[in-house]
Amino acid sequence: MTQVNLSKGQGVDVGNLVQEDKVHKDLYSDPHIFEAEMDRIFTKTWVWVAHESEIPDVGSYKTSFVGNHPVIVSRDRKKNIHVLLNRCRHRGATVCEKKHGTTRAFTCPYHGWGYSLDGELRALPKPEEYEGLFDKKDLPLQSLRTESYRGLIFATFNNDIEPLEDFLGGAKKWIDLFMKQSGGFPLKVLGDHRFRFEGNWKIQLENTTDAYHFPIVHKSFISSLDDQTSDIFDFLDGAGYVEDLGNGHSVMVMIPELVDLEANLDEPIPNRFKELAEELAKEGLSDMEVRRLVRAATGSGFNLNLFPNLACSMAFFRVLRPVSVNETEIHHIAIGGEGAPAAFNQKRIRLHEHFQGPMGFGTPDDSEGWERVQRGSVAGKDGWILVNRGMGKLIKREDGNVAGAVCSETGMRAAYRKYKKMMTANEAE
Amino acid sequence: MTSNNTVPANVIDFINLEADLLDHKSYEDWLQLWTDDGLYIVPVDTQETDFANTVNFAYDDAEMRRLRTARLSGGESVSSVALDKTVRSVSRFRLLEETETSVRVRCAMTLNEVRAGRLLTYPGDVEFELVKDAQGLRIRKKVVRLLHAGSHLATVAFIF
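Chains as they are written, first to last, in the numbering used here: chain A, 67 to 495; chain B, 5 to 164.
Hints listed in this document are in silico derivations from the structure and should not be mistaken for laboratory results. Just so you know, even glycine gets a beta-carbon here, dropped at the ideal spot from N, CA and C. Misleading hints may appear alongside valid ones.
What the hints assert, rightly or not - Here are some chain B residues pointing at chain A (derived, C-beta under 10 Å):
{"hint": "1", "residue": "T50"}
{"hint": "2", "residue": "T53"}
{"hint": "3", "residue": "N57"}
{"hint": "4", "residue": "R72"}
{"hint": "5", "residue": "G78"}
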């Protein structure tokens with residue numbers, strides 16, 4: 067048995083708890099490990115906070131989180147994007163509580179300190195009592211380092227970290243492919259489903275590259291599909307794979323023929339999209355335009371898992387936020403095309419509602435499975451979670467990355483390798 | 005506004021019946037309460053009025069209602085199997101509009117369930133658009149605006 071002293075204040079050693087083929091159950095349930103994760107992972111790496119379409123105009127903002135730190139993602143008067151700690155520099159109150167909106171300034175409701183869209187402290191009531199104590203320019207809302215790739219906005223507390231594009235590395239080509247699903251229009255967030263489950267965040271992280279569960283957990287979803295579509299979702303024996311993209315990222319290709327949504331546009335239109343195709347044709351779109359939109363409406367045939375908190379998952383963004391060791395919030399963000407025909411975006415929204423969210427035909431059963439893991443994994447004095455599936459049959463893909471079968475646990479091992487590296491960094495300190 | 009709020013007794017009876025059918029998972033009977041073009045909607049944004057073009061928790065036409073009830077009762081969904089039952093009450097009825105062929109009513113709903121040993125409560129406003137036909141009343145539209153729709157919900161393995 068692995069003995070680890072986890073008592074508070076004595077540090078957390080997870081080195082022995084994460085092995086290549088298994089991880090210790092304490093990773094799901096030990097609050098000290100959770101605290102260490104918030105520090106060693108979520109304040110040390112790039113964390114996704116928003117898509118640029120969520121803050122389209124001058125003055126647009128969205129509230130979000132970097133780990134357990136509340137932040138505001140804002141667009142200033144020059145259209146620059148900022149990620150600001152949502153904490154007044156006076157007494158620490160949040161200065162904004164709405165999900166999103168448009169404003170000219172953020173004003174603390176407690177004592178009225180006012181901050182501009184870039185975080186600068188502009189005004190405060192009765193400033194004379196601060197004379198000689200500080201200069202307003204020294205107390206802006208704390209700004210995090212912020213970079214974007216293809217509209218995905220990430221922020222980090224770590225000023226020494228590599229540039230975002232280097233961090234994404236091998237995942238960039240998959241992000242590029244994923245962005246094709248807005249059918250040639252700029253990709254736009256259309257809304258989201260928010261739900262919570264009583265379980266550790268890594269259970270969700272693992273799930274995004276877990277094809278093994280799909281035909282079991284989602285049997286009722288598959289039963290709700292037409293025969294042609296349920297055949298497409300019967301992918302465990304197909305040519306799909308899970309590829310380790312480095313840095314904790316991985317991609318699970320479930321439906322290889324839907325990797326590139328701009329290829330094979332001359333293929334027959336699936337039955338479930340015939341109505342959409344007819345509607346688009348009636349609007350005067352050319353045959354090729356119709357085919358491009360219909361293919362984009364299906365969503366990508368893969369899940370891209372970006373460590374630690376974002377997935378570009380078939381047709382939506384999945385964002386996780388660790389709340390506590392046994393509580394996680396998930397956002398399933400629907401996406402479509404800015405200025406695309408209404409019928410196209412409507413179809414994408416209806417498909418999103420079909421599977422996602424607390425009333426979807428898929429998410430509730432996932433959530434049930436995850437909560438069972440949280441409740442069951444505590445059993446016994448010692449115990450391991452297996453992540454070794456497919457380890458004996460690894461291959462190399464064309465990019466030189468290791469890959470396993472579509473229902474292998476290659477993606478989980480990729481994430482845990484990065485996890486271990488981050489959790490054991492600077493142990494000598 | 006007028007203080008007149010005489011909600012027809014058969015409308016209240018009908019809404020109580022619908023609540024009872026759902027609590028007792030009598031889904032086949034529940035499906036019969038609807039018009040063919042009826043829509044069952046649970047919006048994410050309770051202020052929203054353009055449901056077709058926005059993300060909802062549920063936006064069910066006749067086909068999706070049939071699929072949803074099949075999923076909840078088919079035994080293949082582990083979250084649905086885990087649910088024992090719900091108990092809801094509907095009250096505070098208000099007549100919004102009545103014509104010879106239709107009636108719009110709003111009421112309060114409180115639904116309770118036990119999930120993983122814990123009691124969960126879902127309060128909300130429910131708006132019905134009912135049509136009067138030869139068989140009596142039928143639902144053309146039901147919109148459930150949950151009080152906490154804007155926060156993080158847990159698994160919903162039932163119909164509001």
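Can you name, in rising order, the numbers of the hints this structure does not satisfy?
Going through the list in order, the structure violates hints 1 and 2 and respects the others.
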